[in-house]
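Participant: Spelled out, the chains give:
Number of protein chains: 2
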Amino acid sequence: MKVVKFGGSSVADANQIRKITGIIEDDSKRKVIVVSAPGKRYAEDTKTTDLLIELGKSIKNDQMDSQIYEQIIERFSSMTAELELEEQVLHTIKSRIDEAVTQLQSKQKNAMDALKSCGEDGSALMLSAYLKTQGHTSSYVNPKDAGILVSDQPGGALVMDESFDKLYGLREREGILVIPGFFGYTPEGSLVTFSRGGSDITGSIVAAGVQAELYENFTDVDSVFCVNPAIVENPKQLLSLTYKEMRELSYAGFSVFHDEALIPAFKKKIPVCIKNTNNPQGNGTMIVADLPEREEHVVGIASDKGFLNLYVSKYLMNRELGFGRKLLQILEEEEISFEHAPSGIDDMSVIIREHHLSAEKEMKVMDRIKQELDVDTVNIERDMAMIMLVGEGMNQTVGIASQAAEAFRKANVNIEMINQGSSEVSMMFGVHSDALSAAVKSLYHTFFE
Amino acid sequence: MKVVKFGGSSVADANQIRKITGIIEDDSKRKVIVVSAPGKRYAEDTKTTDLLIELGKSIKNDQMDSQIYEQIIERFSSMTAELELEEQVLHTIKSRIDEAVTQLQSKQKNAMDALKSCGEDGSALMLSAYLKTQGHTSSYVNPKDAGILVSDQPGGALVMDESFDKLYGLREREGILVIPGFFGYTPEGSLVTFSRGGSDITGSIVAAGVQAELYENFTDVDSVFCVNPAIVENPKQLLSLTYKEMRELSYAGFSVFHDEALIPAFKKKIPVCIKNTNNPQGNGTMIVADLPEREEHVVGIASDKGFLNLYVSKYLMNRELGFGRKLLQILEEEEISFEHAPSGIDDMSVIIREHHLSAEKEMKVMDRIKQELDVDTVNIERDMAMIMLVGEGMNQTVGIASQAAEAFRKANVNIEMINQGSSEVSMMFGVHSDALSAAVKSLYHTFFE
Numbered sequence: 001m002k003v004v005k006f007g008g009s010s011v012a013d014a015n016q017i018r019k020i021t022g023i024i025e026d027d028s029k030r031k032v033i034v035v036s037a038p039g040k041r042y043a044e045d046t047k048t049t050d051l052l053i054e055l056g057k058s059i060k061n062d063q064m065d066s067q068i069y070e071q072i073i074e075r076f077s078s079m080t081a082e083l084e085l086e087e088q089v090l091h092t093i094k095s096r097i098d099e100a101v102t103q104l105q106s107k108q109k110n111a112m113d114a115l116k117s118c119g120e121d122g123s124a125l126m127l128s129a130y131l132k133t134q135g136h137t138s139s140y141v142n143p144k145d146a147g148i149l150v151s152d153q154p155g156g157a158l159v160m161d162e163s164f165d166k167l168y169g170l171r172e173r174e175g176i177l178v179i180p181g182f183f184g185y186t187p188e189g190s191l192v193t194f195s196r197g198g199s200d201i202t203g204s205i206v207a208a209g210v211q212a213e214l215y216e217n218f219t220d221v222d223s224v225f226c227v228n229p230a231i232v233e234n235p236k237q238l239l240s241l242t243y244k245e246m247r248e249l250s251y252a253g254f255s256v257f258h259d260e261a262l263i264p265a266f267k268k269k270i271p272v273c274i275k276n277t278n279n280p281q282g283n284g285t286m287i288v289a290d291l292p293e294r295e296e297h298v299v300g301i302a303s304d305k306g307f308l309n310l311y312v313s314k315y316l317m318n319r320e321l322g323f324g325r326k327l328l329q330i331l332e333e334e335e336i337s338f339e340h341a342p343s344g345i346d347d348m349s350v351i352i353r354e355h356h357l358s359a360e361k362e363m364k365v366m367d368r369i370k371q372e373l374d375v376d377t378v379n380i381e382r383d384m385a386m387i388m389l390v391g392e393g394m395n396q397t398v399g400i401a402s403q404a405a406e407a408f409r410k411a412n413v414n415i416e417m418i419n420q421g422s423s424e425v426s427m428m429f430g431v432h433s434d435a436l437s438a439a440v441k442s443l444y445h446t447f448f449e
Numbered sequence: 001m002k003v004v005k006f007g008g009s010s011v012a013d014a015n016q017i018r019k020i021t022g023i024i025e026d027d028s029k030r031k032v033i034v035v036s037a038p039g040k041r042y043a044e045d046t047k048t049t050d051l052l053i054e055l056g057k058s059i060k061n062d063q064m065d066s067q068i069y070e071q072i073i074e075r076f077s078s079m080t081a082e083l084e085l086e087e088q089v090l091h092t093i094k095s096r097i098d099e100a101v102t103q104l105q106s107k108q109k110n111a112m113d114a115l116k117s118c119g120e121d122g123s124a125l126m127l128s129a130y131l132k133t134q135g136h137t138s139s140y141v142n143p144k145d146a147g148i149l150v151s152d153q154p155g156g157a158l159v160m161d162e163s164f165d166k167l168y169g170l171r172e173r174e175g176i177l178v179i180p181g182f183f184g185y186t187p188e189g190s191l192v193t194f195s196r197g198g199s200d201i202t203g204s205i206v207a208a209g210v211q212a213e214l215y216e217n218f219t220d221v222d223s224v225f226c227v228n229p230a231i232v233e234n235p236k237q238l239l240s241l242t243y244k245e246m247r248e249l250s251y252a253g254f255s256v257f258h259d260e261a262l263i264p265a266f267k268k269k270i271p272v273c274i275k276n277t278n279n280p281q282g283n284g285t286m287i288v289a290d291l292p293e294r295e296e297h298v299v300g301i302a303s304d305k306g307f308l309n310l311y312v313s314k315y316l317m318n319r320e321l322g323f324g325r326k327l328l329q330i331l332e333e334e335e336i337s338f339e340h341a342p343s344g345i346d347d348m349s350v351i352i353r354e355h356h357l358s359a360e361k362e363m364k365v366m367d368r369i370k371q372e373l374d375v376d377t378v379n380i381e382r383d384m385a386m387i388m389l390v391g392e393g394m395n396q397t398v399g400i401a402s403q404a405a406e407a408f409r410k411a412n413v414n415i416e417m418i419n420q421g422s423s424e425v426s427m428m429f430g431v432h433s434d435a436l437s438a439a440v441k442s443l444y445h446t447f448f449e
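Protein chains in written order, with the UniProt record's numbering: chain A, 1 to 449; chain B, 1 to 449.
Derived from the structure by calculation, the hints contain no laboratory data. Just so we're clear, the structure is a prediction, and the values are computed from it rather than from any experiment. Hints may contain errors.
If several chains are the same, the list does not tell them apart, and a pair holds so long as it fits within one copy or across any two.
Said to hold, decoys possible - In silico BS3-like pairs for lysine-lysine, Cα to Cα no more than 27 Å straight-line:
#, residue 1, residue 2
1, Lys-370, Lys-267
2, Lys-166, Lys-29
3, Lys-107, Lys-144
4, Lys-370, Lys-269
Start from the sequences and build out the full structure, keeping to the hints where you can.
Facilitator: This is the structure:
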């Protein structure tokens, strides 16, 4: 049994729905399908989920932006019409949207999550109906019915362990099952969504639950590239990766796959394949638990901008038991998560994603550090970028750091920060944002050309 | 006015006392002298401080090891006899030792610190008496009388800010003042010692207090070397260093100068000169606040063994606000100070000096981490060594990391950890202890040959 997830561009219009039906028909093992909300049909198009969020934001008391509302209904009605589906399908989609709007107007808990989930739900309703018209046994399966139980963290739900046993029961059901991605239900029955792009998470959870032989993730690229194609033209495609490698790559700027999506599949050792809906015969990229030893030690270069360095210095810091803990506790109390915390003898840096530190919080945090920790210096350096070299076995290979550092030198880029030694499969470098592109190109040249 | 500190080997016997008297006479600005306890006269000799500690440990109720006691008295009596000092000098030294022994036998607070301080006190009493016999106006100044106020942390006292104003009053006193190093007094009048080697601290505090034009630190080497001479034969001598460079070098294995000793001089911008008692005409090493830009960016390579890596991994660690803080808090509660804490996405390493983690604490810490943090993996890797490259402006120079990493590669040494980015003047590398020597030699070859 294979679990197959189709991304937003794969369900963007009637033609794409027909295309993925073909893909499902090509392999009788493709029995459980997870879908995203209809995505962009052309570059300037708006994703259904963005429309739903905009609609939600426009709601005040019993008011709403009816133009956006009509735009959403139109997207679904044009698809159901072109696919010649029963009227009941559009009716169900519309009443779910209306219900969420009413919940929002009466300020019910998690109502925004309910509205945001209507895109995926609509895709699933349409696809299962279309599969039936093509002569297949198929049913729409709501995540509550499937057994996807999550924590009550709107927009950032975490799956609960009980889900997996329940999901195993899906194996017994007849025909092709279509499950909307992106959301689950709390044990109390409240709908909650995962973080954005969370259909990948649903797919991974379902694949783990039914113990699929393969989790296929269909998107709009042929494979995972070894570097950001916006920086390096036509980069090398990756045929295979380990889970760990993919997770580290996803974290720092690899948008092809959702950062946390792999975890459930990883834990149950389900192989994952990234494929292209528009080129389903291509190799794609296989992601597995273990790989035989490869010649190349560096398999990918991830990079991301938008970091800052909170720098603190204090004489005799290293004599002060608990200094590091106290600094991190201030950040925790202000709900600021950090990425790394390299430290010297009398100084400590904390690398934070810029969007985690608003101007208001920045003032407060700086004041608290000055007053509570009695430091000599505290300052913030913005416009930092992170570059991550990823590859299994890298940390056991003499000379990788040397090649990497030489690549920075050739590009005349100063390395502001190096963090190596904790992760077994990655090495992280901090540079100024304006040097990012030159550094990544030079690293690509060193390790892939 | 210059403050001059003489180390243990410079006051080891009567001949050395005569030698340093000559040094003091050579420069009329050498007005405040700080002395260590008599050190080793020959390689197999025992330092007076070690004898005093041994004596202290032998004390049970009204018992003590009288052989060690006699050995201590003999060291002082042979010196006072050879220097032809009044009997009163030896009598004073002996009664201070006897008093401390009595305090220890009656289990008085801080009595061990009182006993440990008798070496420095004896040196100061002998030197001031000898200076008088040579026709100088000189007086012994007890740290309490001088105004050295410290915190009540036996064996690890920290100086209090009030001390500096009081010490400034020493400028008004007549003649050559001789102050014993290594200890101060709490505001309640209790004698407390600094950490071992703390005479350097006394010298630095006094130099800062009297606002000396120079703090001269006489020891038994011609200068500070750029690398551990036990690893590289006849290494380059350093003519000048900044405070920051010296502090970073001292931290990781540079035993010539006490780790924290520089801070008081640093804060008051007093220049420090390291010189050799046995070659006072040599250049020595000057340590100052700022230096004109130098050609070389790396000025020293420090290295030290005896570290361990506490490694923890947990899926989604980076989603868990407070994880790092909680881990450091467990260490803090078990009173284990850490050196560095590099982190990956789902893992974190904490570098700890091995002697901070006893076998008993190790069990407890591992258990607490497993249970309280619900981690996937926790393990300890021992036999780690740290290498630190030090140099002002290093972090703004493209290519240093590249040269360093290449040196490791040439020596076929795998870099287990790199920590760069917090300190402006250093770059730290972790390697296995057995690779330390090869790596340091290769780095020396790269940066100094």
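Participant: If a hint holds in the structure, say so; if it doesn't, say that too.
Facilitator: Here is how each hint holds up against the structure:
no.	hint	result
1	Lys-370 <-> Lys-267	between (43 Å within a copy, 19 Å between copies)
2	Lys-166 <-> Lys-29	within (20 Å within a copy, 86 Å between copies)
3	Lys-107 <-> Lys-144	within (22 Å within a copy, 72 Å between copies)
4	Lys-370 <-> Lys-269	between (47 Å within a copy, 23 Å between copies)
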